[in-house]
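With chain V's structure known, arrange chain B on it following the hints.
Chains V and B supply the protein sequences, listed in that same order.
Position one of the first sequence corresponds to residue 1 (the numbering used here), numbered consecutively onward.
Position one of the second sequence corresponds to residue 1 (the numbering used here), numbered consecutively onward.
Heads up, some of the hints might be wrong.
Unchecked claim - So the derived list for chain B, only partly shown, Cβ under 8 Å to chain V, looks like this:
{"no.": "1", "residue": "R88"}
{"no.": "2", "residue": "R93"}
{"no.": "3", "residue": "Y105"}
Said to hold, decoys possible - Calculated lysine to any residue pairs in the SDA-like style (CA-CA distance at most 20 Å, straight line):
{"no.": "4", "chain 1": "V", "residue 1": "K166", "chain 2": "B", "residue 2": "V60"}
{"no.": "5", "chain 1": "V", "residue 1": "K166", "chain 2": "B", "residue 2": "Q55"}
{"no.": "6", "chain 1": "V", "residue 1": "K9", "chain 2": "B", "residue 2": "S150"}
{"no.": "7", "chain 1": "V", "residue 1": "K9", "chain 2": "V", "residue 2": "L24"}
{"no.": "8", "chain 1": "V", "residue 1": "K166", "chain 2": "B", "residue 2": "P62"}
{"no.": "9", "chain 1": "V", "residue 1": "K166", "chain 2": "B", "residue 2": "K6"}
{"no.": "10", "chain 1": "V", "residue 1": "K9", "chain 2": "B", "residue 2": "Q154"}
{"no.": "11", "chain 1": "V", "residue 1": "K166", "chain 2": "B", "residue 2": "P63"}
{"no.": "12", "chain 1": "V", "residue 1": "K166", "chain 2": "B", "residue 2": "L82"}
{"no.": "13", "chain 1": "B", "residue 1": "K172", "chain 2": "B", "residue 2": "R77"}
{"no.": "14", "chain 1": "B", "residue 1": "K174", "chain 2": "B", "residue 2": "R77"}
{"no.": "15", "chain 1": "V", "residue 1": "K9", "chain 2": "B", "residue 2": "L148"}
{"no.": "16", "chain 1": "V", "residue 1": "K9", "chain 2": "B", "residue 2": "R113"}
{"no.": "17", "chain 1": "V", "residue 1": "K166", "chain 2": "B", "residue 2": "N64"}
{"no.": "18", "chain 1": "V", "residue 1": "K166", "chain 2": "B", "residue 2": "D114"}
{"no.": "19", "chain 1": "V", "residue 1": "K9", "chain 2": "B", "residue 2": "R146"}
{"no.": "20", "chain 1": "V", "residue 1": "K9", "chain 2": "B", "residue 2": "R110"}
{"no.": "21", "chain 1": "V", "residue 1": "K166", "chain 2": "B", "residue 2": "D118"}
{"no.": "22", "chain 1": "V", "residue 1": "K9", "chain 2": "B", "residue 2": "T111"}
{"no.": "23", "chain 1": "V", "residue 1": "K166", "chain 2": "B", "residue 2": "P108"}
{"no.": "24", "chain 1": "V", "residue 1": "K166", "chain 2": "B", "residue 2": "A65"}
{"no.": "25", "chain 1": "V", "residue 1": "K166", "chain 2": "B", "residue 2": "Q100"}
{"no.": "26", "chain 1": "V", "residue 1": "K166", "chain 2": "B", "residue 2": "R110"}
{"no.": "27", "chain 1": "B", "residue 1": "K6", "chain 2": "B", "residue 2": "L82"}
{"no.": "28", "chain 1": "V", "residue 1": "K166", "chain 2": "B", "residue 2": "G59"}
{"no.": "29", "chain 1": "V", "residue 1": "K9", "chain 2": "B", "residue 2": "D114"}
{"no.": "30", "chain 1": "V", "residue 1": "K166", "chain 2": "B", "residue 2": "S104"}
{"no.": "31", "chain 1": "V", "residue 1": "K9", "chain 2": "B", "residue 2": "L315"}
To be verified - Simulated DEER-style distance windows between Cβ atoms:
{"no.": "32", "chain 1": "B", "residue 1": "V125", "chain 2": "V", "residue 2": "F25", "range": "45 to 51 Å"}
{"no.": "33", "chain 1": "B", "residue 1": "R77", "chain 2": "V", "residue 2": "F186", "range": "26 to 32 Å"}
{"no.": "34", "chain 1": "B", "residue 1": "S68", "chain 2": "V", "residue 2": "L127", "range": "49 to 55 Å"}
{"no.": "35", "chain 1": "B", "residue 1": "P62", "chain 2": "V", "residue 2": "V115", "range": "27 to 33 Å"}
{"no.": "36", "chain 1": "B", "residue 1": "R149", "chain 2": "V", "residue 2": "I255", "range": "23 to 29 Å"}
{"no.": "37", "chain 1": "V", "residue 1": "K9", "chain 2": "B", "residue 2": "R84", "range": "37 to 43 Å"}
{"no.": "38", "chain 1": "V", "residue 1": "I255", "chain 2": "B", "residue 2": "P62", "range": "23 to 29 Å"}
{"no.": "39", "chain 1": "V", "residue 1": "P12", "chain 2": "B", "residue 2": "K81", "range": "35 to 41 Å"}
{"no.": "40", "chain 1": "B", "residue 1": "D319", "chain 2": "V", "residue 2": "F186", "range": "50 to 56 Å"}
These aren't lab readings, by the way, just hints derived from the structure by calculation.
Ideal Cβ placement from N, Cα and C applies to all residues, glycine included.
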Amino acid sequence: MPPKGPLAKYIPDRRLAAVVAAVLFLAIIAALASYISDKDPIRTGYARGLTPPSPSFPFGTDQLGRDIFTWVLHGLRVSLIVGVSSALIAMSIALVLGMLSGYFGGWIDNLVMRVADVFLSIPRFILILFAVILFSPTLLNIVLVIGLFSWPEPARIVRSEVLSAKSREYVLAARSMGASDLDIMFSEIAPNIAPTALAVGALLVSDSILIEAALSFLGLGDPDLPSLGRMLSIARQAIFAGGWWALLFPSIFIIVLIVLFNLLSDLINEVYNPRLR
Amino acid sequence: MPASIKVLEVRGLSVEYSVDGVWIRAVDGVDLEISRGECVALVGESGSGKSTVAQAIIGVLPPNARVSSGEIIYMGRDLLKLGREELRRVRGREISIVFQDPLSYLNPLRTVRDLFMDVARDHGVDLGEDDLVDLLRRVRVTDPHRVLRSYPFQLSGGMAQRVAIAIALALKPKLLIADEPTTALDLTIQAQIIRLLLLIKEEMDLSILLITHDLGMVAPIADRVYVMYSGRIVEVGSTGNILASPRHPYTIDLIRSARGLYLSREAVSELDRVVRSRSSSRSSHGYSGKPPREGCRYIARCPYAFDKCSIEPNLIPVDGDDRSLARCWLYE
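This is chain V alone, in the form it adopts within the complex (with noise of 0.2 Å):
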């Protein structure tokens, strides 16, 4: 039974919207994370070392005295900030390039997919490794490098969705009612390329989240800022003196993250892409 009400037109699936929903109230709780807690993330000493959960400290603390909550709360704000911005980036560019590629052929095409195939041959997680060693690991630095390091995926398969979308019929009759070549990218092609697009761009923010996760359980994330990874760093000691919960907390955020980006993208491809309906 398809959902009523005004959003009903925009989410036709109550899975989707369930999903939708559940990543906008992480979302909030990311947002609103000073308000829900008047805790300071990456203060040490609320308690004297490694605490179990409480109802003063939800979550537990770490070794250091830190408050586990306070960190995850803020930790999940940087989490959805590095993802979406980063997978922001990486779709912009692979849009683009992809979109130039595949309508126009020729040169344009075998270039960005030559470029492409460079950056495809050595590992991402390496590449932006030693980028984020290069530069200083501030928040920026590590969204630019997750971006515009993660855009030749996406380009090519904007690529092959264009080379399908181009060729049917209603893109030649719109040429010969007189469409310009831009005309044609955003009224024929782009509204054809828009769902997988979408899919593709919510499995990108779910890539970049484990990557900010992983940089900054090796070390290499901002230092001043808490994130989920960097807990389960902390985590590795906490561990051996019987604190689970410094390990289990940061992960499950991690893990919620992600499943719901995957389902998401899943859930878009299934519901907006007409060759699925």
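Frame of chain V, contents of chain B only:
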């Protein structure tokens, strides 16, 4: 026939396709003209090159095709000499086109209103709500407001083709190319669309180039007919003449094959007379063997072929004037 302004004049048009690096000629020296307010039909079987002629006229040939020679004069300008942008402005605004299957030639993700707006925006023209309703009423859509909100797949085939015609007419073009406009439709709807084209032609002082393989739909609407075979125009004449007394053997076969159309007894006896008068020079009844490179294209399928057919004839006047022509030695 009154002397009138030529809207379109195609002269010696040849189009070639590159297939595995070899250029194959699909349209070979086609001459064609359309006067103002005239409906001209271009008839031929699949592969005869008729759609390629249409694509060449509006300059949307596929990337592996090229115009190797000829001129396409529209209102005094050679379209082949126009720049990309100039040609783009001609398409849709001066010369419009309607395709075969409306449901695949209308973008399924755009509403009918969007489709109108796309064309208007492409040409920097403003179309108001009243214009859209008026256009849809012209193509005899009874509930234009509902149709404007619909997506193409929510319309029936006939309705979608009416919408496609309305969109093609949105910018008041002078020439409408209808490329097999009824082939994808039901028989009853076909008749409606043909009647609609006829009405609109009168109302909007439109010239129409009707491309079809179906001689049945030519009769009610076309003033003149060009018959195309294997990239060549093989016969030209008024619709009445061609349907009543076709001259080229290919046209004769085409008419025989069409449902509900029969050759008149006079036409058959006239043909017999012509063939008999030629019999002295005929080597055999029918032609067997490989068609010669220089010969008539129809030689292998022609029941009247004789020795002279190994050289291809020009278009020969068949009624003493140059309005009716056939590319056949029988009428020399």
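Status of the hints after comparison with the structure:
Given hint, R88/B at the interface with chain V, holds; its Cβ is 5 Å from that chain's nearest Cβ, closer than 8 Å. At a threshold of 8 Å, the smallest CB-CB gap from R93/B to chain V is about 6 Å, leaving the interface hint in force. Using the Cβ-Cβ criterion of 8 Å, the hint placing Y105/B at the interface with chain V is satisfied: the shortest such distance is roughly 4 Å. As the CA atoms of K166/V and V60/B are separated by approximately 14 Å, the hinted pair is consistent with the 20 Å bound.
Of the supplied pair hints, the one linking K166/V and Q55/B holds, its CA atoms being roughly 17 Å apart against a limit of 20 Å. Between K9/V and S150/B, the direct Cα distance comes to roughly 15 Å. Compliance with the 20 Å bound is thereby established for this hinted pair. A hinted pair counts as satisfied when its Cα atoms are at most 20 Å apart, and K9/V with L24/V qualifies at roughly 19 Å. At roughly 12 Å between alpha-carbon atoms, K166/V and P62/B fall within 20 Å of each other, so this suggested pair holds.
With a C-alpha separation of about 35 Å, the suggested pairing of K166/V with K6/B is violated against the 20 Å cut-off. A hinted pair counts as satisfied when its Cα atoms are at most 20 Å apart, and K9/V with Q154/B qualifies at roughly 17 Å. Restraint check for K166/V and P63/B: the C-alpha separation of about 13 Å stays at or below 20 Å, so the hint holds. Distance restraint check for K166/V and L82/B: the Cα-Cα separation of roughly 24 Å exceeds the 20 Å cut-off, and the hinted pair is therefore not satisfied.
The hinted pair formed by K172/B and R77/B meets the criterion: a straight-line CA distance of about 19 Å does not exceed 20 Å. At most 20 Å may separate the alpha-carbon atoms for a hinted pair to count; K174/B and R77/B meet this at roughly 14 Å. For the hint linking K9/V to L148/B, the alpha-carbon distance of about 18 Å falls within 20 Å, and the restraint holds. Using a Cα cut-off of 20 Å, the hinted pair K9/V and R113/B holds, with the two alpha carbons roughly 18 Å apart.
Of the pairs offered as hints, the one joining K166/V and N64/B holds, with about 16 Å between alpha carbons and a cut-off of 20 Å not exceeded. For the given pair, K166/V sits about 19 Å from D114/B by alpha-carbon distance, which is consistent with the 20 Å threshold. Our distance criterion of 20 Å between C-alpha atoms is met by K9/V and R146/B, whose separation comes to about 18 Å. With a CA separation close to 15 Å, the supplied pair K9/V and R110/B stays within the 20 Å bound.
At most 20 Å may separate the alpha-carbon atoms for a hinted pair to count; K166/V and D118/B meet this at roughly 16 Å. Between K9/V and T111/B the CA atoms are separated by roughly 15 Å; this keeps the pair inside 20 Å, and the hint holds. Distance hint between K166/V and P108/B is fulfilled; the C-alpha atoms sit about 14 Å from each other, no more than 20 Å. A threshold of 20 Å between alpha carbons decides the hint, and for K166/V with A65/B the separation of about 18 Å falls inside it, so the pair holds.
Between the alpha carbons of K166/V and Q100/B the distance comes to roughly 18 Å, so the proposed pair stays at or under 20 Å and holds. A hinted pair counts as satisfied when its Cα atoms are at most 20 Å apart, and K166/V with R110/B qualifies at roughly 16 Å. Of the pairs offered as hints, the one joining K6/B and L82/B holds, with about 19 Å between alpha carbons and a cut-off of 20 Å not exceeded. Annotation: proposed proximity of K166/V to G59/B holds, straight-line Cα distance about 17 Å (limit 20 Å).
About 18 Å separates the Cα atoms of K9/V and D114/B, which keeps this hinted pair within 20 Å; it holds. About 13 Å separates the Cα atoms of K166/V and S104/B, which keeps this hinted pair within 20 Å; it holds. Restraint check: the Cα-Cα separation between K9/V and L315/B comes to about 61 Å, which exceeds 20 Å; the hinted pair is violated. Range check, V125/B to F25/V: about 47 Å between beta-carbon atoms, so the 45 to 51 Å window is met.
In this structure the supplied range 26 to 32 Å holds for R77/B paired with F186/V, their Cβ-Cβ distance being about 29 Å. Distance hint check: the CB atoms of S68/B and L127/V are about 50 Å apart, consistent with the given range 49 to 55 Å. For P62/B and V115/V, the Cβ-Cβ distance of about 29 Å falls inside the hinted range of 27 to 33 Å, so the restraint holds. Take R149/B and I255/V: their Cβ atoms lie about 44 Å apart, and the range 23 to 29 Å is violated.
Separated by about 39 Å at the C-beta atoms, K9/V and R84/B satisfy the suggested range of 37 to 43 Å. Between I255/V and P62/B the beta carbon distance is about 51 Å. The supplied range of 23 to 29 Å is therefore violated. A hinted range of 35 to 41 Å is violated for the C-beta pair P12/V and K81/B, which are about 51 Å apart. Separation of D319/B from F186/V is about 54 Å and conforms to the stated range, judged on CB atoms against 50 to 56 Å.
Hint check: violations occur at hints 9, 12, 31, 36, 38, 39; the rest are consistent with the structure.
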